[in-house]
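Peer 1: Sequence:
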Amino acid sequence: MMFNRPVGGIVLSTVIVISRLFSAESNSADLPQAHNTRPPFRVNVNLINVPITVLDEKGRPIVGLCLNDFRLFEDDVEQDLQHLIINQQAVDAVLLLDISRSVHHELSRIRKAAMHFAKALGRPSRFSVVTFSDEVEVARDWTSSLRAVDKALQRISYGLRTSMYDGICLAAEDRLKDHDGKKAIIMLTDGIDNESHFSFQQAAEAAIRSQASVYVIGLTNIVQPEIEKIPRIQFVARALQNLGEKDSIKKFFDEKRRELEDLSRLTGGRAFFPLGFQELHEAYGQVADELKSKAFLTYVSKNQDTNHPYRKIKVVCRREDATVLFRAGYYIRAK
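Position in the sequence shown (first residue = 1) + 61 = the working numbering.
The set of hints was computed from the structure by calculation and includes no laboratory data. Every residue, glycine too, gets a C-beta built ideally from N, C-alpha and C. Take the hints with a grain of salt, since some may be wrong.
[Claimed, not checked] Per label pair, the in silico range of CB-to-CB distance: (1) E343 with S260: 30 to 36 Å; (2) L128 with G242: 18 to 24 Å; (3) N107 with G242: 17 to 23 Å; (4) S205 with H165: 50 to 56 Å; (5) R132 with R394: 20 to 26 Å.
[What the hints assert, rightly or not] Below, a list of computed lysine-lysine pairs in the DSBU-like style, where the Cα atoms sit at most 30 Å apart: (6) K312 with K119; (7) K353 with K212; (8) K119 with K238; (9) K238 with K180; (10) K212 with K119; (11) K311 with K353; (12) K312 with K290; (13) K312 with K363; (14) K290 with K119; (15) K363 with K375; (16) K311 with K238; (17) K290 with K173; (18) K212 with K311; (19) K119 with K311.
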């Protein structure tokens with residue numbers, strides 16, 4: 062799966078993307094209701110496995126919990142939980158890396174931070190490296206060899222544009238197809254998609270159907286100040302008429318942050334927005350810690366209705382100091 066396109070100026074591409082953003086409102090909040098045709102991901106009969114991560118007030122994983130600490134609701138109906146599965150099983154992790162021009166000065170830091178993540182998980186976890194810029198490429202097929210991961214990271218070089226949505230679709234539909242157990246997409250990106258065939262809606266649906274937790278390390282706080290310095294961004298201010306230059310750019314990046322947060326929330330992951338490239342190491346380390354602590358709640362759905370393929374999930378922890386990360390829903394099996 063590879064998408065090749067003509068390469069143009071990154072500034073003009075950014076201007077076009079920002080202009081399009083304000084021509085229509087985002088509808089990511091209504092994502093699940095829009096999907097009712099494609100075959101959903103697989104579940105075993107009616108047994109549903111819900112990956113969860115439980116964090117304390119400081120964002121640290123909580124351990125030592127039991128089944129009675131949780132309540133789970135499907136479409137607002139409480140379900141009877143069967144098991145809480147806690148283990149240190151391997152993770153299948155896709156390292157999805159934005160290598161567009163916005164990161165080209167910091168590729169060395171990105172390589173080191175991604176490698177730190179791989180080492181933190183270690184064997185027997187498996188990794189696949191996928192990059193996106195002007196095109197999406199699988200830089201490394203599945204491997205548990207840290208040396209092989211490092212070699213793949215050392216070979217990557219930057220492009221100009223950003224095919225983020227295409228990268229998500231490839232990671233979800235190709236890399237994680239038919240994978241069971243713990244699986245995650247760890248995406249580093251500036252959030253500015255200006256080259257994809259697929260939309261955010263399609264990318265988010267693919268991620269949900271894959272059952273993977275999507276963790277985002279967003280570079281919007283780093284990229285935004287640089288974009289604000291570019292004179293050609295004034296074209297956007299004139300096009301929007303009622304917005305000043307910095308207001309339009311702020312609105313654009315606020316929308317990108319919400320988009321990345323929505324993607325992680327819907328899939329039970331988390332979004333991090335470091336203030337500098339020097340913070341990448343810490344962000345990747347937090348993701349590794351959360352993946353290692355991820356557990357599963359299992360239940361048999363009481364819902365016999367097959368006319369509505371998407372079902373919303375809500376998980377509640379009885380501990381007052383706990384925050385639970387869980388995927389927001391799932392698609393039932395096609396008959």
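Peer 1: It remains to establish, for every hint, whether it holds in the given structure.
Peer 2: Status of each hint after checking the structure:
Between E343 and S260 the beta carbons are some 32 Å apart, a value that agrees with the proposed interval 30 to 36 Å. In this structure, L128 and G242 meet the distance hint of 18 to 24 Å, their C-beta atoms being roughly 20 Å apart. At about 19 Å, the beta-carbon gap between N107 and G242 stays in the expected band of 17 to 23 Å. In this structure the supplied range 50 to 56 Å is violated for S205 paired with H165, their Cβ-Cβ distance being about 30 Å.
The hinted range of 20 to 26 Å is satisfied by R132 and R394, whose Cβ atoms lie roughly 25 Å apart. For the given pair, K312 sits about 29 Å from K119 by alpha-carbon distance, which is consistent with the 30 Å threshold. Using a Cα cut-off of 30 Å, the hinted pair K353 and K212 holds, with the two alpha carbons roughly 24 Å apart. Taken as a hint, the K119 and K238 pair is broken in the structure, with Cα atoms around 34 Å apart against an allowance of 30 Å.
Taking the CA atoms of K238 and K180, the gap is near 24 Å; set against the 30 Å cutoff, the hint holds. Taking the CA atoms of K212 and K119, the gap is about 35 Å. The hint is violated against a cut of 30 Å. About 35 Å separates the Cα atoms of K311 and K353, which puts this hinted pair outside 30 Å; it is violated. As the CA atoms of K312 and K290 are separated by approximately 16 Å, the hinted pair is consistent with the 30 Å bound.
With a CA separation close to 42 Å, the supplied pair K312 and K363 exceeds the 30 Å bound. At roughly 35 Å between alpha-carbon atoms, K290 and K119 are farther apart than 30 Å, so this suggested pair is violated. With a CA separation close to 15 Å, the supplied pair K363 and K375 stays within the 30 Å bound. At roughly 37 Å between alpha-carbon atoms, K311 and K238 are farther apart than 30 Å, so this suggested pair is violated.
A threshold of 30 Å between alpha carbons decides the hint, and for K290 with K173 the separation of about 29 Å falls inside it, so the pair holds. Taken as a hint, the K212 and K311 pair is broken in the structure, with Cα atoms around 38 Å apart against an allowance of 30 Å. With a C-alpha separation of about 28 Å, the suggested pair K119 and K311 falls inside the 30 Å cut-off, and the hint holds.
Checked against the numbered hints given earlier, this structure breaks hints 4, 8, 10, 11, 13, 14, 16 and 18; the rest are met.
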